[in-house]
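Chain residues, written in single-letter form:
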Amino acid sequence: MKEKRKGFALGRREPLTDTQMLMFISIGIFAAMYIGAMLTLGGGFLKPQMIFDLLNDNAALIIISCALTIVMIGGGINISVGGVIGLTVMSCALFLNNNGIESAFLSILLTFLLALGIGLGFGLLQGFLVSHLEIQPFIVTLAGMFLARGLTTILSVNPVKVTNEGFLALVSTKLKISWLGYVAQNGNLIPAKIEIGAVVAVAVVFLMFLLLRYTKLGRGIYAVGGNRQSALMLGINVKNTIFWSYVISGLLSGLAGFVFLMHKPAGNASVAMRSEMDAIASSIIGGTLLTGGVGGVIGTFFGTMILATIQKIIALSPLNASWWQEMANGAMLSFFILLQSVVLMRKNRSGSRKRKGPDGKKKKTEDPAAQSGSS
Amino acid sequence: MKQNRKTSSGLGQLLIPLVALGILIVFNIFRDISFFSIGMRVNNAGNIVLTGNLISIIDSASELAIIAMGMTLVTAACGGQDISVGAVGAIAGAVFVKVLQGMGAITIGSVILAFVLCCLATIVFKLFNGTLVAVFKIQPMIATLILYSCARSIAYWINGDATPQLKSSIISSIGKTIPGIPVPTPIFAVILVGLLLFLIFKFTSLRLYIQSVGINQGAARLNGMNPIMIKLICFILLGVCVSVASLIGVCRLGQLNHKTLLVDIEMDAILAVAIGGNSLGGGRFKLSGSILGAYIIQMLTTTLYAMNVAPVNVKAYKAIVIIIIVVAGSPVVKNKLTALWKRLRPVPVPEGAEKEG
Numbered sequence: 000m001k002e003k004r005k006g007f008a009l010g011r012r013e014p015l016t017d018t019q020m021l022m023f024i025s026i027g028i029f030a031a032m033y034i035g036a037m038l039t040l041g042g043g044f045l046k047p048q049m050i051f052d053l054l055n056d057n058a059a060l061i062i063i064s065c066a067l068t069i070v071m072i073g074g075g076i077n078i079s080v081g082g083v084i085g086l087t088v089m090s091c092a093l094f095l096n097n098n099g100i101e102s103a104f105l106s107i108l109l110t111f112l113l114a115l116g117i118g119l120g121f122g123l124l125q126g127f128l129v130s131h132l133e134i135q136p137f138i139v140t141l142a143g144m145f146l147a148r149g150l151t152t153i154l155s156v157n158p159v160k161v162t163n164e165g166f167l168a169l170v171s172t173k174l175k176i177s178w179l180g181y182v183a184q185n186g187n188l189i190p191a192k193i194e195i196g197a198v199v200a201v202a203v204v205f206l207m208f209l210l211l212r213y214t215k216l217g218r219g220i221y222a223v224g225g226n227r228q229s230a231l232m233l234g235i236n237v238k239n240t241i242f243w244s245y246v247i248s249g250l251l252s253g254l255a256g257f258v259f260l261m262h263k264p265a266g267n268a269s270v271a272m273r274s275e276m277d278a279i280a281s282s283i284i285g286g287t288l289l290t291g292g293v294g295g296v297i298g299t300f301f302g303t304m305i306l307a308t309i310q311k312i313i314a315l316s317p318l319n320a321s322w323w324q325e326m327a328n329g330a331m332l333s334f335f336i337l338l339q340s341v342v343l344m345r346k347n348r349s350g351s352r353k354r355k356g357p358d359g360k361k362k363k364t365e366d367p368a369a370q371s372g373s374s
Numbered sequence: 000m001k002q003n004r005k006t007s008s009g010l011g012q013l014l015i016p017l018v019a020l021g022i023l024i025v026f027n028i029f030r031d032i033s034f035f036s037i038g039m040r041v042n043n044a045g046n047i048v049l050t051g052n053l054i055s056i057i058d059s060a061s062e063l064a065i066i067a068m069g070m071t072l073v074t075a076a077c078g079g080q081d082i083s084v085g086a087v088g089a090i091a092g093a094v095f096v097k098v099l100q101g102m103g104a105i106t107i108g109s110v111i112l113a114f115v116l117c118c119l120a121t122i123v124f125k126l127f128n129g130t131l132v133a134v135f136k137i138q139p140m141i142a143t144l145i146l147y148s149c150a151r152s153i154a155y156w157i158n159g160d161a162t163p164q165l166k167s168s169i170i171s172s173i174g175k176t177i178p179g180i181p182v183p184t185p186i187f188a189v190i191l192v193g194l195l196l197f198l199i200f201k202f203t204s205l206r207l208y209i210q211s212v213g214i215n216q217g218a219a220r221l222n223g224m225n226p227i228m229i230k231l232i233c234f235i236l237l238g239v240c241v242s243v244a245s246l247i248g249v250c251r252l253g254q255l256n257h258k259t260l261l262v263d264i265e266m267d268a269i270l271a272v273a274i275g276g277n278s279l280g281g282g283r284f285k286l287s288g289s290i291l292g293a294y295i296i297q298m299l300t301t302t303l304y305a306m307n308v309a310p311v312n313v314k315a316y317k318a319i320v321i322i323i324i325v326v327a328g329s330p331v332v333k334n335k336l337t338a339l340w341k342r343l344r345p346v347p348v349p350e351g352a353e354k355e356g
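Taken in sequence, the protein lines are chains H and S. First residue of the first sequence: 0, per numbering that gives the first Met the number 0; consecutive thereafter. First residue of the second sequence: 0, per numbering that gives the first Met the number 0; consecutive thereafter.
Just so you know, these hints were derived from the structure itself, not from any lab. Incorrect hints may have been included.
Stated by the list, open to error - With a straight-line Cα cutoff of 20 Å, these simulated EDC-like cross-link-like pairs (lysine to aspartate or glutamate) come out:
(1) 335/S x 133/H
(2) 258/S x 325/H
(3) 263/H x 52/H
(4) 333/S x 325/H
All of these numbers come straight from a predicted model, not from anything done at the bench.
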């Protein structure tokens, strides 16, 4: 009896171990891929600037992937993130060009607040519809995506270039680290450049990691995603937890829009088109399961970096064509999905032998109920 | 949730979509009664065809309605959606055109052969999805994300960069109208697919099997069903639906463009399933609801066009209407409304309904 209890105590940490294991797999594959690229392609991959370039180019994607991860851990989904980026970029670009405020600082601050406000609005609306009216998250956020894309084209069908000088100065501001730089052919030292957006993205990953790990809300999100009924019986306010996860997700998408504008200062109706699917792919590669309860933003960060590295490798290799890139993405995705599925299946099989039978069975019978909430 | 399932009768599920359709019709009557006028005209080929907004709604919703039917089955059995239908449709179109071009002349026989081959190709890709979902137990949305992201590239790879044209009276009679029959052919395709599924459900127990696998897979397995087989059958049926829709899509334009063929139709199809009152979490389903949902979406789009909304802006208005429909159909709002209705009109209610409130 006592031994059984010990086994159970070990098993109690299982969700966390799943998260960590899937995270380590993705970190390992990222490292292997990067080292492989260093050895075979050399060139740019040997310079530290390459890592910073990956961060600079994908800052917005990293942020929305975090936004998606949080919702996915709670057992939901949010496919409006790309649309919200598009809307934020467009409205911020229009606001910067037309506000007529003298002070550059004030104008940028107001733009930043506008971006967060748009994201917050979408987050509040979607969170309310999903948590309190119990509408399927997929449909709610699909409608959110349509709304955001439609509003973007209502604002302007033509591309809008930011002409606000204060903001353009902010765009060209870069952190320069000379000791990570390299010496160019003409003998000049070119320092490593990091954009503000990349710093923001890394900060967001860190903050969300802390939020999920150490706050009541974060732990509640894991509990609700793992099993709604048990969470309810543990006294967690399920509706509020889900609501706030969508609000955070919306806020982060607004922030991602601002970061996107700092990387490419122009609004366009097709900005971040289909980026929600990239974000979902990053989360999955990072080890977050769509069923909820498992995953983490650190894994998601590496998931995004894996996708970005694939893109860079294909761009530098002789197969440089958009369709090769998509096929490589698809192959990579299927590899990860199959790997995760096999790992989890093996683990569950060995786990159910150690744990008691009824536990495993109970999980199965509750599956449809949990899924009806999730997708 | 489960009590809801038990007590909701067949009509109850269709109530919201029917009301939505009714409101759209009434709105159009008050806006402009000529919206409903149906006329006859002679088209370029010299055939007499029916024209009018209603005909164009029913005609252009055909692809959506067909795919929505297949999507309903997959949703019911797997508790998740296939988001790769549009992209796999592009592959189907590419195979169809490639075979037709390889055979040279376009005859009825070559079209049928090309269609059969494109059906087989689609089924192979759908079985790939189905295996991931049924055997490896991966969430459908994630499993189909793979083909969603790369199937259009495969279509490109099959057919090269060009947008091949198909010029033949057979192609136009599949995509538009058959000479002598004024009704557009795609409408018959919807009826045909619907009839096929109806007959399958009438003469086999597939419907019951799909529902039981969707509601409780473990229980279904213990009762002697093979959930993996049932799920694979659903994906095969979806594959057939996708290839029919893709055939219509290619023939309607008379050309193949792998980037725009059936683009974004997966989202509309999932919407149609949800508007039709089907649970996206699997279990009980009604095909008629999904078909109704498809026509509602198309009617909404056509109404917005008729109100001079620019095509690129339609999405925003569509989103608002969709939100209204799903809010009206949400269990919380439904329960509150039923409670309110009961308080206003105290009538004897059966036991089951009382629990629900």
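TODO: Any hints from earlier that this structure breaks? Give me their numbers in increasing order, please.
DONE: 4
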